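Note that the protein sequences, when read in sequence, are chains S and V.
When we follow the numbering used here, the leftmost residue of the first sequence carries the number 59, and every step to the right adds one.
When we follow the numbering used here, the leftmost residue of the second sequence carries the number 671, and every step to the right adds one.
These are calculated hints, taken from the structure and not from any lab test.
It is possible that some hints are incorrect.
What the hints assert, rightly or not - Just the calculated beta-carbon pair ranges, DEER-fashion: (1) V/Asp-823 to S/Asp-298: 31 to 39 Å; (2) V/Arg-926 to S/Lys-242: 28 to 36 Å; (3) V/Arg-874 to S/Thr-277: 45 to 53 Å; (4) S/Gly-172 to V/Asp-825: 31 to 39 Å.
None of these values were measured; they are calculated from a predicted model.
Built from N, CA and C at the ideal position, the CB exists for glycine as well.
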Amino acid sequence: MTSAAAVDLQHLDNLWLQVSGTRCNIECRHCFNSSGPRGTPFGLMTVDAVNEAIAAAAARGVREIYFTGGEPFLHPQLLEMVAYALTVAPTTVLTNGMLISDRIAGTLAALAAGARYSLEVRVSLDGYTEEMNDTIRGRGVFRLALAGAVRLARRNLLPLITVVRTWDDDSELATVAAFVRVLKDAGCDRPRLKLLPALPLGRELTRIAGLQRDENVTTAMLEGFDRDLLMCSNSRLVTDHGVWVCPLLIEQHDARLGTTLDEAASSYELRHQVCVTCWRYGTICGNRSAFIEGPVIGAAPEAR
Amino acid sequence: MTRFALIGGIYSNWRALETALFDIARRKVDATFCLGDVGAFGPYPDRVFPLLQQAGVLSLQGNYDNSLAGGLADCQCGYTDPRDNHFARVSYDYTFRNTSSVHKAWLGTLPTSRRIEDNGTRLLLCHGSPRKINEFLWESTSPDGFLRYLLDDADADVLCVTHTGIKWHRDLGGGRHVVNVGALGRPENDGTPVVWYALLTIGRTVAVEFVPIHYDHEALATDMRAEQLPGEFIETILSGWWTTCLEVLPQKERARGRF
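Please model the complete structure; the sequences and the hints are all you need to start from.
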C-alpha cells in the first residue's frame with residue numbers, strides 16, 4: 059500500500075463546535091459519531107469555551123461557524139451562543155428539529171432577521187414518510203422533526219432539510235419529488251434539500267459490518283487534486299475534550315490535534331477510510347459544498 | 671481621480687449589455703472592466719463579443735468562459751442540486767453549441783485576474799474570489815474578518831468580484847473595500863427586471879455606486895423564446911425572480927426571493 063497523504067490547513071474557513079458533545083435525544087441507526095441519550099464520550103461545552111473558540115476563529119478570519127452534536131438544542135444556552143456567533147460570521151445549527159418549539163423558532167427567526175449574516179438551520183429527515191424516517195431515526199421522530207421544520211419555514215427561516223441518501227439512482231427523482239411534496243403539504247412551501255451519502259462510521263459502521271471497502275487516500279490520489287475540497291484543509295472541530303481535525307473523525311484518537319485552535323493548525327495524514335468520502339464527494343459537511351453521486355437527470359425535475 | 675465601470679455576469683444578455691455600454695459611454699469613465707461570465711443563460715451568445723470588443727472593455731475570464739474556451743464538460747458553476755444542475759446543463763449545452771470557435775478562442779486569451787494601482791490604492795479584479803474562479807462571495811456569507819483575510823492574502827485594498835449575480839459593497843474601513851459588482855445578464859431576485867453594474871471612483875477615498883439598467887427585457891424574452899430556451903429562464907427575465915439555480919443561495923438571499 060502507498061503512504062497516506064498529509065494535508066495542511068490552508069485557512070480556517072469553517073469552525074465546527076461540538077456544542078452538545080455526542081449527547082442526543084435520539085439514537086439514529088446510521089449516526090456517524092454514535093450520539094445518543096446514554097452515557098457518551100463528549101459532553102456539553104461551556105459557554106466560555108464556545109465563545110473563546112469563536113473569538114479565536116474570528117481573529118483568524120473564519121468564514122462560517124457550525125454548531126453540531128449530538129443534538130445542539132439539548133444545550134440550555136445554545137441560543138445565546140448562536141447570537142454571539144452571528145455577530146462574527148454566518149452560522150449554521152445542525153439539528154434533528156424535534157426540540158424546535160414555537161418559542162425557539164421565534165427566537166431563531168428574530169436572530170436571523172436581525173443579523174447581517176445568514177443563519178442556517180439544518181434539520182435532518184431521512185424519509186418522507188413516518189415509516190421510512192422512523193425506521194432509521196426512531197419512533198415518533200418524523201412527526202416532531204417535520205413540525206420543527208414547519209415552525210421555522212412559517213417564519214421565513216427556510217430550513218435546509220438534510221437527507222442521507224438511502225435509495226438507488228433509479229428512484230432519485232421520485233424520492234426527491236416525494237420529499238418536496240410532503241414538505242410543501244406540511245407547510246414548508248419552499249423546501250431546500252441537502253442530500254448526503256451514508257458514512258461508513260460510528261453506528262453505521264456496525265450496521266454495514268463486512269460491506270465496506272478497505273481503502274484510504276494515498277499521496278498518488280492527491281496528485282493534481284484540488285485539496286480545498288477536503289475538510290481538513292479548511293476546517294477544525296472544537297469539543298469539550300480538545301480540537302479535532304474534522305467532525306467525521308471525532309471517534310479517532312489520532313484526529314485530536316491539540317487543545318487550542320493554534321495547536322490544531324498542523325497538517326493531518328488521511329489515514330482513515332472515511333477520508334475517501336471527502337476525497338470523493340468534497341466537504342459534504344458544509345452547507346453547499348457537496349457533490350453527491352446521483353443519476354444524470356434527463357427531464358426537468360419538478361419545481362420546488 | 672479615476673473612475674472605472676465594472677460589469678460582470680453578462681450571461682449572453684446582449685440587450686442589457688448594449689444598454690449598459692451606452693450608459694457607461696455617457697459617463698466618460700477611464701476604463702470599463704468585465705469580470706467574466708460572458709456566456710450562459712441568454713440567447714445568441716455570439717452577439718455579446720463584438721459589443722465588448724468595440725467598446726474596448728477589458729475582460730477577465732469567468733468560470734463559464736474558462737469552460738467554453740477549454741471545451742470542458744460543464745460550466746463549473748459549483749451547483750450541487752440535481753434541479754440546478756439540470757438547468758445548468760441545458761444552458762451550457764446551448765451556449766457551447768452557439769458560441770463560435772473564434773469567440774471561444776478569444777475567451778481563452780483572457781486573464782483570470784487584473785491588478786491596478788491607482789492613487790495609492792491597490793485594486794484587484796477577479797471573477798469569483800482571489801482564491802478560486804468559482805467561489806461564491808455572497809453578502810450574507812462573507813464576514814468582515816474573512817474579507818480582511820482575503821485582502822491581506824491578496825495584497826489588495828479593494829477587491830471587486832461578480833459570480834453570484836447579486837451586488838453588494840462592504841466598506842471595511844481604512845480604505846479597504848470589497849465590491850460584488852452584480853450581473854448584467856439576469857435580474858437579482860428582487861422582483862424587478864432591472865440589472866446592475868458598478869462605478870468605482872478612486873481618489874483620496876474610494877466610492878462605489880451601483881447603476882440600475884432598464885433595458886428592453888421583453889425583447890430579450892422574445893429572443894429567448896425564438897431560441898427555445900427554458901420557460902423558467904424567460905420567467906426570470908420578465909419577473910425578476912430567480913426560478914433556477916436557487917439551491918446555492920444562502921438563507922438570507924433565498925428568503926428574500928419568491929421561490
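Hints, one by one, checked against the model:
Taking 31 to 39 Å as the suggested C-beta distance range, the pair V/Asp-823 and S/Asp-298 conforms, at roughly 32 Å. About 20 Å separates the C-beta atoms of V/Arg-926 and S/Lys-242, a value inconsistent with the hinted range of 28 to 36 Å. A C-beta distance of roughly 52 Å is found between V/Arg-874 and S/Thr-277, which places it inside the suggested range of 45 to 53 Å. Take S/Gly-172 and V/Asp-825: their Cβ atoms lie about 35 Å apart, and the range 31 to 39 Å holds.
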